[in-house]
Amino acid sequence: MFTDDAGKGGISAGGPGNSAESNRRSGGDLVQLITPGGERVSHPEFDPWVQDVTDEQLGSLYEDMVVIRRIDTEATALQRQGELALWPPLLGQEASQIGSARALRDDDFVFPSYRDNGVAYCRGVNPEDIVKAWRGNALAGWDPYTVNVATQQIIIGAQTLHATGYAMGIQNDGADSVAVAYFGDGATSEGDVNEALVFAASFQSPVVFFCQNNHWAISEPVRLQSHIQIADRAAGFGIPSMRVDGNDVLAVMAATRIATDRARHGGGPTFIEAVTYRMGPHTTADDPTKYRDANELEDWAAKDPIARLKSLLDRKGLLTDERGAAVAAKADAVAKALRAGTINMPDPRPMDIFQNVYSTPNSTLDRQQDHYSRYLASFGDPAEAASEEGAR
Amino acid sequence: MTQMTFARAINSGLRKSLENDAKVILMGEDIGALGGVFRVTDGLQKDFGKHRVVDTPLAESGILGTAVGLAYRGYRPVVEIQFDGFIYPAFDQIVSQVAKMHYRTQGAVKMPITIRVPFGGGIGSPEHHSESPEAYFTHTSGLRVISVSNPQDAHTMIQQAIASDDPVLYFEPKRRYHDKGEVDEALDLGAALSMEKARVVTEGTDVTLVAYGPLVKTAKDAALAAADEGISIEVIDLRSLAPLDLATLAASVRKTGRLVITHEASQTGGIGAEVAAGMTERCFFHLEAAPVRVTGFDVPYPYSKLEMHHLPGLDRILDGVDRALGRPNSLSGLEG
Ligand SMILES: Cc1ncc(C[n+]2csc(CCOP(=O)(O)OP(=O)(O)O)c2C)c(N)n1
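Taken in sequence, the protein lines are chains A and B. Numbering (our numbering) for the first sequence: 1 to 392. Numbering (our numbering) for the second sequence: 1001 to 1336.
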């Protein structure tokens, strides 16, 4: 039972989800390789896993982070302009997504949530395909097998079981690839996630549970979901875990490499908690001022993942004007293409509604389809008639 | 009488139940400070405290399972399922535990749990946010299933649901949340129409048109449009999907001799099938044509750019009315 209101002993939890509070609650060490000020600090256990990262690669991590932030802000703008029905911003979570995705091999398979669009981009999903579902033009914007990324999951936590099952398949096949499940802190409350941890541990499957603790599940603070560090939960399932600074791209990359390496070599599942912060609203339909303190946002803005890497690059003299301009130009080009692609996206055709319900013919549905096409044909202009239909 | 939105009317009903019975307890995701994603519980946590209006962890099976325990303990939990598509993780608790407890314990343990479910489409949402799962629950004995169509009913029926000793699924048509209507907040629950009863919304003589939830408004609009063509439609709002008020329906069908049923949910195994069968059994010799169903297709709820094709609209309903009347329609000339 949650008993935060000392003495009252009711069922409520509540209270702010600030990180200072959660740090106090457990001894979990937050691994950091780059400080918020942009200083590279050493960590004996994690350093070896990123010592091969060249200056050039540091620059490209920066580029990816800048580009996905730009995709994210462009998609938010497109939503505000009515071009997308909804958008779940990832603002603030760039290092978690790029650092982890860049640590994966092409033949690894990713099971993302709706917010992991930076991961999808990094795996080669076209940004236009990412927004397709949010525009309402598709349920899934891409073919999972072409990029080894499952479709974005909206049912909280369901994908963790899928990743675990996929990993069991990898095991059976004697392969050395890895399945990765991305999910939020709120998701750890769902039965599915807990069952995924049980299966993964039981079968020692090659799966990485990558939890982005962005401190909020819509309006609910992380402490409502867990009274211990999220990473510490894994121990109860017999799964080793790491707790890393999710705004530090190098720390995230190192942790993901450790976890995937363990999985590839038969070491079983690993749980990573990337401690980060959702700087924007939950989705464009949400109003965070109703539940969260503006100071909290300010504190986290000071730990911005992109600003942090930029300071490191500046310190090392790597971010020349030329390089900075090239990155900005790339981000602008991607955003421009996304905008054009979204605005010019062809509308689906009415009869598409009946496609792919089954892989073989179905007489009931065939009849409904026939009747509906006759219905549309009974109007002069079928498309126009149908757009009048329905939602009113 | 006060003008208020549908969402506000439910909020006001919840408030009255919280005031009248200390055992009433609200539970759900984001229902506290945020007031729910649709703001239906707005202000209730502030006024009744975190022990009466509980933000739960993000776990639907957990919400329903703990509600069972609270009910065991004499509480009357009112749980909010954030969106229709998220009820499935709680399905097992609802159909295996909530529904059967009274029967299993020979009446010793009551499950006065109200499950509020914003349901249906028409708001341009992503997947899992526009489903009509009501038929799954009507198929499970021990559950009452109701759906409201207007602010007054929303206000009264939420209180009736909470007061009921049976578990009630209370389906709220989310695309009507902002519709306004007159609400008599002082209406005595005992004097109000029982939540088991269907209501004749518009009287008519040619065709009985049955709807519930979001489509009642569409059905009323269809009746108005048909009146221009000299067709008199009697619109019935089912209100209760389990049990069905077949007596009210039969009285209407005996009068009109024709039946059209409409719902957003897919056709196969839907409420429409049950209404058609019930009326065929009771009114066979009064029916002048086969009952007609105008429903969502047997497809997963489509992406929003196509949802207007899936959802029955006014014209599709009128086409169904034409079929029931044997007037020219889109299927004229087709056999069965
Ligand atoms: C099964 C289920 N229940 C509820 C929801 C509604 N919902 C969507 S996102 C969300 C919060 C998720 O929080 P978290 O897991 O921390 O991920 P984040 O959105 O913060 O990335 C909720 C409650 C859902 N999508 N699925």
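A few of these clues could be false.
Computed list of lysine-lysine pairs in DSS-like fashion (alpha-carbon distance at most 30 Å, straight line) [stated by the list, open to error]:
#1 B:Lys1197 x B:Lys1023
#2 B:Lys1023 x A:Lys290
#3 B:Lys1046 x A:Lys290
#4 B:Lys1046 x B:Lys1100
#5 B:Lys1016 x B:Lys1046
#6 B:Lys1046 x B:Lys1023
#7 A:Lys330 x A:Lys290
#8 B:Lys1305 x B:Lys1255
#9 A:Lys330 x A:Lys310
#10 B:Lys1016 x B:Lys1100
#11 B:Lys1255 x B:Lys1220
#12 B:Lys1220 x B:Lys1046
#13 A:Lys336 x B:Lys1305
#14 A:Lys290 x B:Lys1016
#15 B:Lys1180 x A:Lys290
Honestly, the hints are just simulated from the structure, not real lab data. Only a predicted model underlies this, so the values are computations on that prediction, with no experimental measurement involved.
Do the hints match the structure? See the list:
{"no.": "1", "hint": "B:Lys1197 x B:Lys1023", "in the structure": "holds (27 Å)"}
{"no.": "2", "hint": "B:Lys1023 x A:Lys290", "in the structure": "holds (28 Å)"}
{"no.": "3", "hint": "B:Lys1046 x A:Lys290", "in the structure": "holds (12 Å)"}
{"no.": "4", "hint": "B:Lys1046 x B:Lys1100", "in the structure": "violated (35 Å)"}
{"no.": "5", "hint": "B:Lys1016 x B:Lys1046", "in the structure": "holds (15 Å)"}
{"no.": "6", "hint": "B:Lys1046 x B:Lys1023", "in the structure": "holds (18 Å)"}
{"no.": "7", "hint": "A:Lys330 x A:Lys290", "in the structure": "violated (36 Å)"}
{"no.": "8", "hint": "B:Lys1305 x B:Lys1255", "in the structure": "violated (40 Å)"}
{"no.": "9", "hint": "A:Lys330 x A:Lys310", "in the structure": "holds (16 Å)"}
{"no.": "10", "hint": "B:Lys1016 x B:Lys1100", "in the structure": "holds (29 Å)"}
{"no.": "11", "hint": "B:Lys1255 x B:Lys1220", "in the structure": "holds (19 Å)"}
{"no.": "12", "hint": "B:Lys1220 x B:Lys1046", "in the structure": "violated (38 Å)"}
{"no.": "13", "hint": "A:Lys336 x B:Lys1305", "in the structure": "holds (23 Å)"}
{"no.": "14", "hint": "A:Lys290 x B:Lys1016", "in the structure": "holds (24 Å)"}
{"no.": "15", "hint": "B:Lys1180 x A:Lys290", "in the structure": "holds (24 Å)"}
Checked against the numbered hints given earlier, this structure breaks hints 4, 7, 8 and 12; the rest are met.
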